[in-house]
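Each chain is listed here by its residues.
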Amino acid sequence: MQDRVKFSSQRGLGLALTIPTLVAVFGTVLVPFVNSFWLSLHRRDIGRPHLDGFIGLGNYLKLLQDDRFLNSLEVTVVFSVTSVILELMLGVAIALVLNEKFKGRGFVRGLIILPWAMPSIVNAAMWQWIYNADHGALNALLSQLGLIDGYKVWLANPLTAKSLIILANVWKETPFTVLLVLAALQGIPDDIFDAAKVDGASAWQRFWTVTLRLLTPVIMVAGFLQLLWGFQTFELAYIITGGGPASANELLALRIYTQTFNSLRFGYGASIAYLTGLIILIPSIYYIRAAYRSVVEY
Amino acid sequence: MKKSVIPLIVLSLIVAVTLLLSGCAAAPTPEVVEEPTKAVEVAPTATPEPEPEAEAETITVIFPQHEADLSGAFEARVREFEAQSGVKVELIQANWDSIADRVVPEMATGGSAYDVVEFDNGWVAQWCGAGWTTPLDQYMEAGYTDGMIPGLVDLFSCPDGTVHGFVWNNDTRFFMYNAAKLAEAGFDASPKTVDELIEQSKAAQEAGVVEYGMAPFWEQNWSLVNELHFWAYTFGGEFVDDEGCFLFNKDPNTLAAVQFMIDTLESGVSNPAGLTYGQPASQDVFLKGGSLFYPQAIPGLLAYAQDDTVSDVVGQIKVALVPGATPDLSASLTLPEALAIPANSQHKEAAWKYIEFMTSYETNKMLAKEIGLLPIWVDLYTDPELTALYPEWAEFSAQLETARGLSTVTWYGDFADIAMSELHKALTGGQGAQEALDAMAKGLAEFECVR
Numbered sequence: 001m002q003d004r005v006k007f008s009s010q011r012g013l014g015l016a017l018t019i020p021t022l023v024a025v026f027g028t029v030l031v032p033f034v035n036s037f038w039l040s041l042h043r044r045d046i047g048r049p050h051l052d053g054f055i056g057l058g059n060y061l062k063l064l065q066d067d068r069f070l071n072s073l074e075v076t077v078v079f080s081v082t083s084v085i086l087e088l089m090l091g092v093a094i095a096l097v098l099n100e101k102f103k104g105r106g107f108v109r110g111l112i113i114l115p116w117a118m119p120s121i122v123n124a125a126m127w128q129w130i131y132n133a134d135h136g137a138l139n140a141l142l143s144q145l146g147l148i149d150g151y152k153v154w155l156a157n158p159l160t161a162k163s164l165i166i167l168a169n170v171w172k173e174t175p176f177t178v179l180l181v182l183a184a185l186q187g188i189p190d191d192i193f194d195a196a197k198v199d200g201a202s203a204w205q206r207f208w209t210v211t212l213r214l215l216t217p218v219i220m221v222a223g224f225l226q227l228l229w230g231f232q233t234f235e236l237a238y239i240i241t242g243g244g245p246a247s248a249n250e251l252l253a254l255r256i257y258t259q260t261f262n263s264l265r266f267g268y269g270a271s272i273a274y275l276t277g278l279i280i281l282i283p284s285i286y287y288i289r290a291a292y293r294s295v296v297e298y
Numbered sequence: 001m002k003k004s005v006i007p008l009i010v011l012s013l014i015v016a017v018t019l020l021l022s023g024c025a026a027a028p029t030p031e032v033v034e035e036p037t038k039a040v041e042v043a044p045t046a047t048p049e050p051e052p053e054a055e056a057e058t059i060t061v062i063f064p065q066h067e068a069d070l071s072g073a074f075e076a077r078v079r080e081f082e083a084q085s086g087v088k089v090e091l092i093q094a095n096w097d098s099i100a101d102r103v104v105p106e107m108a109t110g111g112s113a114y115d116v117v118e119f120d121n122g123w124v125a126q127w128c129g130a131g132w133t134t135p136l137d138q139y140m141e142a143g144y145t146d147g148m149i150p151g152l153v154d155l156f157s158c159p160d161g162t163v164h165g166f167v168w169n170n171d172t173r174f175f176m177y178n179a180a181k182l183a184e185a186g187f188d189a190s191p192k193t194v195d196e197l198i199e200q201s202k203a204a205q206e207a208g209v210v211e212y213g214m215a216p217f218w219e220q221n222w223s224l225v226n227e228l229h230f231w232a233y234t235f236g237g238e239f240v241d242d243e244g245c246f247l248f249n250k251d252p253n254t255l256a257a258v259q260f261m262i263d264t265l266e267s268g269v270s271n272p273a274g275l276t277y278g279q280p281a282s283q284d285v286f287l288k289g290g291s292l293f294y295p296q297a298i299p300g301l302l303a304y305a306q307d308d309t310v311s312d313v314v315g316q317i318k319v320a321l322v323p324g325a326t327p328d329l330s331a332s333l334t335l336p337e338a339l340a341i342p343a344n345s346q347h348k349e350a351a352w353k354y355i356e357f358m359t360s361y362e363t364n365k366m367l368a369k370e371i372g373l374l375p376i377w378v379d380l381y382t383d384p385e386l387t388a389l390y391p392e393w394a395e396f397s398a399q400l401e402t403a404r405g406l407s408t409v410t411w412y413g414d415f416a417d418i419a420m421s422e423l424h425k426a427l428t429g430g431q432g433a434q435e436a437l438d439a440m441a442k443g444l445a446e447f448e449c450v451r
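First to last, the sequence lines map onto chains W and D.
Heads up: the first sequence begins at 1 in my numbering, then just goes up one per residue.
Heads up: the second sequence begins at 1 in my numbering, then just goes up one per residue.
Calculated from the structure, these hints are not laboratory results.
In this text, a Cβ means the ideal position worked out from N, Cα and C, and glycines have one as well.
Please note that a few of the clues may not be correct.
SDA-like, lysine to any residue: derived pairs with alpha carbons at most 25 Å apart [unchecked claim]:
(1) W:K62 with D:E184
(2) W:K152 with D:K250
(3) W:K162 with W:D67
(4) W:K162 with D:G278
(5) D:K250 with D:P272
(6) W:K152 with D:E349
(7) W:K62 with D:P272
From chain D, some residues computed to sit far from chain W (all C-beta separations above 10 Å) [said to hold, decoys possible]:
(8) L70
(9) T162
(10) K192
(11) T193
(12) E219
(13) F246
(14) A281
(15) D414
(16) D417
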């Protein structure tokens, strides 16, 4: 009986201490979440208030025929997926190198974090200057190496600009994968590798069947988070090209912003945000389930 | 133990209810917390500050930095206003796009964070329709606008005839060219038509005098839509009729203007890097001698060109009429920016005093002297002190007669959004001129014949 009272008191205390946080979380997340969904079911053009009203799924149906939205969706998927693949490949490779013992390893490990620690806006401004057609470091480097005849206007070509913006993103985000994978590598007991060696596994076999297998859950988490961040990316495209050239870098976040705050279509902007959320949700569920399935005990 | 938990639960509930109630409370006038890009601390002045009996009224003012204001002339006038009126000014300045991103949502949501705001010419139709600004007629004395350039007053008047803004930046664009380089290429007169502009550019490029005829600012941005208007006007093009029905996709002159823009890139007359330039970058190339012509120059560019810290073309730049499609057709773009009082400002009287001071004859003359600001008062164009400083104003006045504003439609934001994307696609070779104009019409279909 006394135990029950104690348990109940502790439960009450826990609840009491949680209430303020719950209120804050519900107030700042759930209310805007529901409110913006309700907004997405309305025509809410602040510049044309006489047209406002409930239109049900009208905004969503319109989106499916909106060439600019479909272009943004394609641009964002290509940007995010390509970025994630490159970030994971590079991240794992760099982490494997940094896991080896060599002189100055601590310094290099510290250095590798820098791009990720840099504010996104600063990173975007830096790459804008690197790609500058007249004074950019990229032109200077390639020119001095004799790889190009004259300075190129990199950001005027849709394909080149798209690739370079992905490169800038990969440079910034790869250290995150390095950090996670490096931490995971340090947690793998040496015994497992020793056992594999005794069994006659080659270095490649050890990497493929032991290291990579054990790293899979971490790689899945890193990939999932970076896919989410890819869909949320705004400042890189906004600062470097403003979404151009020819809307080739008009990411979804940029489209939501221009529709909401330049064209003042708040309902339509909310529907783009919701549809984007839904699009991310489907692979996210699959991804998370796969990540849990691949957890290996050792 | 159970008893000791109860006060904690009560305390938590109090905190929770307080949080909820604070969320429901009427929002106070929001304070501007962002750091302005320019220093806004009150500069020390020689005039001793009077001891205030009560706390000074504070107004928040937001408008873009003027391109020619390298010396902080506007801020100095603001501080002068503070000293004279006793009104404190929280000044927020940044580039145009950044200011627009803050002002438009604030106006749209009926906020009262600002007391005096940037009022761009492109926003007039929409803002008038939505009632976002305060009519200024109730504050100004009879005959107040006599002596101002009438067109500038009209541009910021709503359809009911009330004035909603006074121009702080008479931003009319002028054709400037590098006379020294043009002479070196064998021409003693500036082009009178766009065909001559192409011919002179090619000749100068072939002679090795200059790398490009023009370095346009054609990045995918709002300024590209200004360029579209500018070139369409020089070809005699139109965008919409009086009812707001589309002309741009049917008008041969507008089509010719877009085709001209594409052709200058394909023929190498325009610098291809122009596809990534905003106006400052384009201006910089001209000031470094990298281009022969600067068709849509701000008036203050002449002052810049004479400053050897930013210019390699000191003494080489001249002004002429904008070349048109035919010799008798010259047109330019005027992009005046005004100051307006939001409908929900809590300090309208003080805000009006500020606008009155900043657009007064005296302030306008002082700014003209200091940074070459183009006056809004007609008499200042013949003021001996100013004409001695700026002899080129004689050329300006001829162009001012042909200057036209942006399209005045309530859906200008949508127009700009679609136009900049489709036009950029055409300029980068993704589609033809007519395709671009048709795509614009398709994207804007819901606004056909809506003013």
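Verification of the hints:
1. W:K62 with D:E184: Answer violated: K62 (chain W) to E184 (chain D) is near 57 Å, above 25 Å.
2. W:K152 with D:K250: 36 Å, violated
3. W:K162 with W:D67: 18 Å, holds
4. W:K162 with D:G278: 19 Å, holds
5. D:K250 with D:P272: 28 Å, violated
6. W:K152 with D:E349: Outside the cut-off at roughly 55 Å; violated.
7. W:K62 with D:P272: 36 Å, violated
8. L70: Holds: least Cβ distance 21 Å, greater than 10 Å.
9. T162: Non-interface label stands for T162 (chain D): nearest chain W Cβ at 19 Å, farther than 10 Å.
10. K192: 31 Å, holds
11. T193: 28 Å, holds
12. E219: Given that some Cβ of chain W is not farther than 10 Å from that of E219 (chain D), nearest at about 6 Å, it is violated.
13. F246: Given a closest Cβ separation of 18 Å, the condition holds.
14. A281: 8 Å, violated
15. D414: 5 Å, violated
16. D417: Not fine: 6 Å to the nearest Cβ puts D417 (chain D) too close to chain W.
Consistency note: the structure conflicts with the earlier hints numbered 1, 2, 5, 6, 7, 12, 14, 15, 16.
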